[in-house]
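Dock chain P against chain H, hints included.
Number of protein chains: 2
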Amino acid sequence: MKIDVKKLEETFLPILLKEGFVPEAAVAMARIFSETTADGVFSHGINRFPRFINEVKMGIVKPGAVPQLVNSMQALEQWDGRQGPGILNALHCADRSMELASQFGIGCVGLRNTNHWMRGGTYGWRAAEEGFLFMAWTNTLPNMPPWGGDRAALGNNPFILAIPHRNGHIVLDMAMSQYAYGKLEWHQKCGTDLPEFGGYDRNGQLTKDPSEILETERILPTGLWKGSALSLVLDLAAAILSGGNTTKNIGEYPEETNLSQVFIAINIERHFGEEQLNSLINETLGFITNLNESAQHPGQRSLRNRKYHLENGVEIPDEIWKDIIQL
Amino acid sequence: MKIDVKKLEETFLPILLKEGFVPEAAVAMARIFSETTADGVFSHGINRFPRFINEVKMGIVKPGAVPQLVNSMQALEQWDGRQGPGILNALHCADRSMELASQFGIGCVGLRNTNHWMRGGTYGWRAAEEGFLFMAWTNTLPNMPPWGGDRAALGNNPFILAIPHRNGHIVLDMAMSQYAYGKLEWHQKCGTDLPEFGGYDRNGQLTKDPSEILETERILPTGLWKGSALSLVLDLAAAILSGGNTTKNIGEYPEETNLSQVFIAINIERHFGEEQLNSLINETLGFITNLNESAQHPGQRSLRNRKYHLENGVEIPDEIWKDIIQL
Numbered sequence: 001m002k003i004d005v006k007k008l009e010e011t012f013l014p015i016l017l018k019e020g021f022v023p024e025a026a027v028a029m030a031r032i033f034s035e036t037t038a039d040g041v042f043s044h045g046i047n048r049f050p051r052f053i054n055e056v057k058m059g060i061v062k063p064g065a066v067p068q069l070v071n072s073m074q075a076l077e078q079w080d081g082r083q084g085p086g087i088l089n090a091l092h093c094a095d096r097s098m099e100l101a102s103q104f105g106i107g108c109v110g111l112r113n114t115n116h117w118m119r120g121g122t123y124g125w126r127a128a129e130e131g132f133l134f135m136a137w138t139n140t141l142p143n144m145p146p147w148g149g150d151r152a153a154l155g156n157n158p159f160i161l162a163i164p165h166r167n168g169h170i171v172l173d174m175a176m177s178q179y180a181y182g183k184l185e186w187h188q189k190c191g192t193d194l195p196e197f198g199g200y201d202r203n204g205q206l207t208k209d210p211s212e213i214l215e216t217e218r219i220l221p222t223g224l225w226k227g228s229a230l231s232l233v234l235d236l237a238a239a240i241l242s243g244g245n246t247t248k249n250i251g252e253y254p255e256e257t258n259l260s261q262v263f264i265a266i267n268i269e270r271h272f273g274e275e276q277l278n279s280l281i282n283e284t285l286g287f288i289t290n291l292n293e294s295a296q297h298p299g300q301r302s303l304r305n306r307k308y309h310l311e312n313g314v315e316i317p318d319e320i321w322k323d324i325i326q327l
Numbered sequence: 001m002k003i004d005v006k007k008l009e010e011t012f013l014p015i016l017l018k019e020g021f022v023p024e025a026a027v028a029m030a031r032i033f034s035e036t037t038a039d040g041v042f043s044h045g046i047n048r049f050p051r052f053i054n055e056v057k058m059g060i061v062k063p064g065a066v067p068q069l070v071n072s073m074q075a076l077e078q079w080d081g082r083q084g085p086g087i088l089n090a091l092h093c094a095d096r097s098m099e100l101a102s103q104f105g106i107g108c109v110g111l112r113n114t115n116h117w118m119r120g121g122t123y124g125w126r127a128a129e130e131g132f133l134f135m136a137w138t139n140t141l142p143n144m145p146p147w148g149g150d151r152a153a154l155g156n157n158p159f160i161l162a163i164p165h166r167n168g169h170i171v172l173d174m175a176m177s178q179y180a181y182g183k184l185e186w187h188q189k190c191g192t193d194l195p196e197f198g199g200y201d202r203n204g205q206l207t208k209d210p211s212e213i214l215e216t217e218r219i220l221p222t223g224l225w226k227g228s229a230l231s232l233v234l235d236l237a238a239a240i241l242s243g244g245n246t247t248k249n250i251g252e253y254p255e256e257t258n259l260s261q262v263f264i265a266i267n268i269e270r271h272f273g274e275e276q277l278n279s280l281i282n283e284t285l286g287f288i289t290n291l292n293e294s295a296q297h298p299g300q301r302s303l304r305n306r307k308y309h310l311e312n313g314v315e316i317p318d319e320i321w322k323d324i325i326q327l
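From first to last, the protein sequence lines are chains H and P.
Read in our numbering, the first sequence has 41 at position 41, and its numbers run on one by one without any break.
Read in our numbering, the second sequence has 161 at position 161, and its numbers run on one by one without any break.
With the rest of the complex left out, here is chain H (with noise of 0.2 Å):
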């Protein structure tokens, strides 16, 4: 069925209102459900939506909580997200890391007791767009083994990096897992296997087969060691920063909630005007493309996508749309 973005967008808002959420945040919520959807991450956009109503109703996401500063040093504090909605705890800390830079060159928010960002692109697209050069990652329960071993102990941490850029920003939203489990379950649904080695099957060897990875939960590193030793270092520098929960931490509770989360970002106004940013990203696209053809950059697909989606609405599969009217 193909939806207008902003027919979503409007759907999601009255059944945002109804579980409890200041018509504020029920936009912000609303219009970022949306936009993730159109930009076609809909792992973190629609198809994630029912599963976040019912967090709520849960308890495990507390529609009234709003974020509290419980430390500061001049560029560099700690809020706690009293378990209030993770997209929410997240905007705001990442907008008050730009408020720090705005003043100090460089801001840094440290987020404790937060619930899952949906998708950590957001928050890069957000500061891009404002001008800022933009870093920030969360930690997870634990749901991949490190390497070399077979148990989960680390999470996929997703970490982001994003550079404003006048054709489009570069935008890299990457977890430590080659493959993100909503990827797995797509190429299951699909019958098709992962283009690359993507984790072990029973017999402990690498395959690409998605149903065989998700029996065993055996996910794969990116970059095998160097994703596990990257995961390692994010999850603690995430747990000290914001003063909250680690990886290990956050297994012990019955479901994933009170999260650590981090937002730097860096006022680059002063040392570049945007004639000279843009032609420096441009030079080095250029270079990169010529060489290399079909080489694309992060944040291109999305901005592809977003293109197409508001053009031309987002197909939904039916059974998810039905999920979705009936909340």
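Treat the hints with care, as some may be off.
[As the list claims (entries may be wrong)] Here are some, though not all, of the chain P residues that point toward chain H, as calculated from beta-carbon distances under 8 Å:
#1 V27
#2 A28
#3 T222
#4 G223
#5 G227
#6 A229
#7 D235
#8 N267
#9 I281
#10 T284
#11 I324
#12 L327
Derived by calculation from the structure, the hints in this document are not laboratory data.
Every residue gets a Cβ at the ideal spot worked out from N, C-alpha and C, and that includes glycine.
Below, chain P alone, put in the same frame as chain H:
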């Protein structure tokens, strides 16, 4: 030949003095080249020393140059390395980022026109020793094709993230290629295959044969499309924050020089007492190794090498030692 670590340092020092470094600079570099060797990173320690001296002789590295502040906005600074020695420029800017962090909670320094910093981990160990959470990265000349491409257009851009820990700091030091060129050369010398795919052979197939990869120069980005994308954003961020060269620009010089680097230090004392920090880290490391016996954390092997080599001396191949004492 077994050489005492102290003897290494005493051997490097007069050679550096002869090349025109002032005593303070020569002492610092002699110490770091020997520490890097003691940590087992020969490729950026003793093995690299003759090449470094040659770069001084060729005028690529200017022994008298000291870094200069070119731009400043509270916690954010830009320095020009003026083609001085990479180790000293990087030490200076790492220290400067810590000073800024002491004042503002977080500090960020961009460094342009510098030379190879040798082992990136050096600056991570130093900052962790001072109690700072620390990130740094550098760009390089184009030495890696983007994912899906066959011509080098990205750098392998090492990224460092260090976390202080009483029982041994956690220091991630990862390049964006799955294997370093130095590692390929080492396997070639030993006549062994790589443990995992490291690049492409002459027929465009993934291979573990180091000689084939050294011939095609098609090393594999770590995490395939992910390391490729991360390399790109780190390069752009380094050039933007330093006001310096991108990987593309660096490729236009006859030799690798005029690199761009970023140093970010965060003051975590305020958030955590040392006890709390240590127990948080111990808990996570214990959790991972309880579930996965063989798991190691970043920095662990360096520490083990350091301890062993300080007690027993370092086994240096005769031909390398001969090269050194002839300098």
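A quick look at each hint next to the structure:
no.: 1; hint: V27; verdict: 31 Å, violated
no.: 2; hint: A28; verdict: 27 Å, violated
no.: 3; hint: T222; verdict: 3 Å, holds
no.: 4; hint: G223; verdict: 3 Å, holds
no.: 5; hint: G227; verdict: 6 Å, holds
no.: 6; hint: A229; verdict: 4 Å, holds
no.: 7; hint: D235; verdict: 7 Å, holds
no.: 8; hint: N267; verdict: 7 Å, holds
no.: 9; hint: I281; verdict: 6 Å, holds
no.: 10; hint: T284; verdict: 5 Å, holds
no.: 11; hint: I324; verdict: 31 Å, violated
no.: 12; hint: L327; verdict: 34 Å, violated
Checked against the numbered hints given earlier, the structure breaks hints 1, 2, 11 and 12 and satisfies all the rest.
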